[in-house]
Amino acid sequence: MEEILKKALEKADGEYADIRFEDVKTTSVNIMGKEIEFAGTNKSSGGSVRVFHRGSIGFATFTRPEDAEKAVIEASRLAKMVKPEVETTLYPVSPVRDIIKPSLELHPKEVPLEEKVSLAKRYNDILLGGGDKIVSTSTIYQDSIQKRYFLSTEGSYIEEERVYTGISGAAIARDGTNIQRSRKSFGDQRGFTTVLNREVEYEKVVKDALDLLKAEKVGAGVYTVILDPVIAGVFIHEAFGHLSEADHVYRNEKLKQIMKIGTRFGPDELSVVDDGSLIGERGYIPYDDDGVKSQKTYLIKNGILTGRLHSRHTAPLMGEEPTGNSRALNHTFIPIVRMTVTYIEPGEKSFEELLEGINNGLYVVGALGGQTELEMFTFSSIKAYKIKNGKLGEMVRDVVLTGNVFETLMNIEGIGNDLRLFGGLGGCGKGNQYPLPVSDGAPHIRIKNVVIGGR
Amino acid sequence: MEKILKELKKRGLKFELFYHSVESSPISFEQGELKALEVKKTEGIGLRIIKDGQVGFAHSNKIDDPEIIDFAISSSKFGKEATFDFPGESPIQEQDVYHEAEWDPRTLVNLGKEIISRLQSKFRGMKVDLEFSKVVSKTRILNSSGFDKEYRRTGYSYTISGFSVLKSGFTYVFDANSSTRPIKDFDVMLPRIEKMIERADKIAKIKPGVYPIILGPIAVWGTLVPTLRTGLNGVLVYKGMSPLTNKIETQLFGEKLSIVDDPENSDLIGSRPFDDEGVPTFKKYIVEKGVLKRHIHNLDSASKLGAKPEGNGIRSSFSSLPGPAFSNFIIEAGNRSVDEMIKSLKKGILVYMVIGGGQSNIMMGDYSVNIGLGYYIENGEIVGRVKNTMIAGNVYQDFLKIIDISRETLRIQNYILPYIVLEEVKVATK
Chain A
1 MEEILKKALE
11 KADGEYADIR
21 FEDVKTTSVN
31 IMGKEIEFAG
41 TNKSSGGSVR
51 VFHRGSIGFA
61 TFTRPEDAEK
71 AVIEASRLAK
81 MVKPEVETTL
91 YPVSPVRDII
101 KPSLELHPKE
111 VPLEEKVSLA
121 KRYNDILLGG
131 GDKIVSTSTI
141 YQDSIQKRYF
151 LSTEGSYIEE
161 ERVYTGISGA
171 AIARDGTNIQ
181 RSRKSFGDQR
191 GFTTVLNREV
201 EYEKVVKDAL
211 DLLKAEKVGA
221 GVYTVILDPV
231 IAGVFIHEAF
241 GHLSEADHVY
251 RNEKLKQIMK
261 IGTRFGPDEL
271 SVVDDGSLIG
281 ERGYIPYDDD
291 GVKSQKTYLI
301 KNGILTGRLH
311 SRHTAPLMGE
321 EPTGNSRALN
331 HTFIPIVRMT
341 VTYIEPGEKS
351 FEELLEGINN
361 GLYVVGALGG
371 QTELEMFTFS
381 SIKAYKIKNG
391 KLGEMVRDVV
401 LTGNVFETLM
411 NIEGIGNDLR
421 LFGGLGGCGK
431 GNQYPLPVSD
441 GAPHIRIKNV
451 VIGGR
Chain B
456 MEKILKELKK
466 RGLKFELFYH
476 SVESSPISFE
486 QGELKALEVK
496 KTEGIGLRII
506 KDGQVGFAHS
516 NKIDDPEIID
526 FAISSSKFGK
536 EATFDFPGES
546 PIQEQDVYHE
556 AEWDPRTLVN
566 LGKEIISRLQ
576 SKFRGMKVDL
586 EFSKVVSKTR
596 ILNSSGFDKE
606 YRRTGYSYTI
616 SGFSVLKSGF
626 TYVFDANSST
636 RPIKDFDVML
646 PRIEKMIERA
656 DKIAKIKPGV
666 YPIILGPIAV
676 WGTLVPTLRT
686 GLNGVLVYKG
696 MSPLTNKIET
706 QLFGEKLSIV
716 DDPENSDLIG
726 SRPFDDEGVP
736 TFKKYIVEKG
746 VLKRHIHNLD
756 SASKLGAKPE
766 GNGIRSSFSS
776 LPGPAFSNFI
786 IEAGNRSVDE
796 MIKSLKKGIL
806 VYMVIGGGQS
816 NIMMGDYSVN
826 IGLGYYIENG
836 EIVGRVKNTM
846 IAGNVYQDFL
856 KIIDISRETL
866 RIQNYILPYI
876 VLEEVKVATK
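So the sequence lines, in the order shown, correspond to chains A and B. Mapped onto the working numbering, the consecutive letters of the first sequence carry residue numbers 1 to 455. Mapped onto the working numbering, the consecutive letters of the second sequence carry residue numbers 456 to 885.
Mixed in with the good hints, there may be bad ones.
To be verified - Cβ-to-Cβ under 8 Å is the rule here; a few derived chain A residues that face chain B:
id, residue
1, V24
2, K25
3, T41
Stated by the list, open to error - Away from chain B, derived, C-beta distances all over 12 Å, residues of chain A:
id, residue
4, M32
5, I57
6, S118
7, A120
8, T224
9, G280
10, Y298
11, Y385
12, G390
Don't read these hints as lab results, they were simulated from the structure. The beta carbon of each residue, even a glycine, is placed where N, CA and C say it ideally should be.
Using the sequences and the accompanying hints, generate a full structural model.
Put into structure tokens, the structure is as follows:
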């Protein structure tokens, strides 16, 4: 493979070019209700070429390695077609030669399809076991074994085997026109063991779905909230993390001012990190798609903005250094600045200490979805519990949080000591590239003055 | 593909071979700067087989490798019970959806620069993301019942979003258009965007409560559309997950609302002669004058519910199984102009962009969205922009009371959507 791609790359006409090629084998089991919708294995492969010419990028895809040369020529032609307004260069790095293999306790390729099907069925049966009110379930098992190649005209060659394994299960309960759902997923790069022994977790999912049928809708208003590690992780990724992506910032004077290094963003206890070097996590990458080694980057340290995420393309534009965050969803996309494993560092408070003194609050648990637009965000949770006089009360549903991320970060009043990271089966979306495997996480977080749009 | 076909016939399997190729050449500007010129080509096949009464599926981008058959067979061991057979030859009406036209990156880069500089000169510091795209696709379906047909289709589109900092705060607007023919209506798109931003200059204070709401097309896309896409889905209907299970021929919405699935409109990028299972398509009402006429089916859901497949088995790519979906989702336009709608309201809100659509319990019809860009109307005039405000409610309740539907519509992907005035919507604000 190296030889044929290297030869193709010799035809590149520009200051810099690289080729990415991937061979992917995916096994999935998809169960909906009582039926298996699909169980099986598929293969796909393909590559792409990126050529830089005075800051212009030409990009072309190909399917078979022997077509790489044609794509190199096509991408070179496109790169030279339009003269850029601003000439840019890539941040210089030394070439890398590396071959990476995962060390897994149990590689999913060692497990027969039959066993993957029966595992997914077992969890699905737990979800279905909630009785007549459970009208449907969705259980998905997936593993993806990826052989990835990266070559650049600077002489880099990286060969990597990457293995993702994960399971997700959702239960949908219905009572008349009242439909409620709950779900949980587990996924990372630790191998097949990640999806084993999750029975208790799925018993909780089905119980939540049934309890939500009886839960009251939350009243709209302004609350002090405690976010659980799941939704706090989604919050820090969606609402703040994306603003740390340099491609959003560098051309935008206003955002540049707001995201000025050294600015206070939260209380002293708040530190936020993106770390792609955490082996085994779903968001782990040994190198990014520019061939830059992943690293731990502090975005906020002790409440102060200290860094942001870069590719080799964006770093020189802001006079900063690459952070190993240039990633493409797959070979058909140009890499852009993305997160890896993004989390809030743990503080010192126990959950009980966070609850203290909240007279009228909400404990918000799990994430159903989220969307952000610049500094505004909305997130919906799976469930929540009322907090009355420092104690957890009854469950409520339909909790949608909304607000301004900068105000919300400043309103953080307490950070728990119980950091957890989550990968799951989904991922992050940006510019049509979805779902990119990432992890996010946090300890429990207490925030005041959060607007809840209930009904 | 011939090699695979030969092998399938040799093994005497019931099969369906779906071939799809896509060639796209997007030209994208990010925050006003040209990002890249790209050429992307993908092709692949999806193979469905029926073996021992069960459905198996596999896909591959190696279109000559018979290994796909073994993957499909091993998948059939766990597959769904086949309650349908692949359809054979039937009269197919050709659709005029293939329109080759010149695609010169240099011209488009210049056009992009013009659009961007016009917006930037009007709104200083505005950041514009813009993408032009041309897609040429080819679809071919062959099956063991004797179906063998193909068609080609072109898709031209633009999406544009502008971000600016006004006195009233961050402002984000979005616009898009898609057609099987080259798009030329930029002189309509630009004033539409400009008007929305000009109106957002100052903030209007409003009180929480219940207001009449004009939902713009993009807001309809974020509220009504996700609910109906799930509610009408035949698979969710037969699994008992849709609230619309026993609702055919009942009054679901206000009488002014009619929704059409139209695969015959030669301008729309979802038009097609047959669906992705080889079933002929045709134009039909899904909701007529507020009454639900039918659910949307693929072969599987139609057979499970004893309904007729009507050409709505659609795949997102060769690698996915067909699911029930609209060819083109069209809400029929009304008679009122948007300006007349605004004039008719004593107090109300025009909601143009929403944040957070599709996140609530959409199956139940719930929506709860932040108003990204919206305007307060007093005595028939826009008095300013609303901020930190959410609208929340239930599609199946709130769209029963429709006051009016606009004659202006917006075409986004394979949707045509108007402005809709709802009589009563709950509004929460800080």
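Hint check results:
Contact between A:V24 and chain B, as hinted, is not supported at the beta carbon level, the nearest pair being about 10 Å apart and thus beyond 8 Å. Look at A:K25: its Cβ only gets to about 10 Å from chain B, farther than 8 Å, so that hint breaks. Because the beta carbon of A:T41 sits about 5 Å from the nearest beta carbon in chain B, less than 8 Å, this interface hint is met. Its closest Cβ contact with chain B, about 7 Å, brings A:M32 to no more than 12 Å, contrary to its assignment away from the interface.
At the 12 Å boundary, the C-beta of A:I57 falls inside the reach of chain B, the nearest C-beta of that chain being 4 Å off. Listed as outside the interface, A:S118 is inconsistent with that label: its C-beta sits roughly 10 Å from the nearest C-beta of chain B, within the 12 Å cut-off. Not every C-beta of chain B lies more than 12 Å from that of A:A120, the closest at about 10 Å, which undercuts listing it as non-interface. No Cβ of chain B approaches the Cβ of A:T224 within 12 Å, the least distance being about 15 Å, so the stated non-interface status holds.
With 12 Å as the threshold on Cβ separation, the claim that A:G280 sits away from chain B holds: the shortest Cβ distance comes to roughly 28 Å. Chain B leaves A:Y298 outside its interface by the beta-carbon criterion, the shortest separation being 26 Å against a cut-off of 12 Å. At roughly 18 Å, the least C-beta separation between A:Y385 and chain B is larger than 12 Å, which holds for a residue marked as non-interface. The beta carbon of A:G390 is kept farther than 12 Å from every beta carbon of chain B, the shortest such distance being approximately 26 Å.
Checked against the numbered hints above, the structure violates hints 1, 2, 4, 5, 6, 7; every other hint is satisfied.
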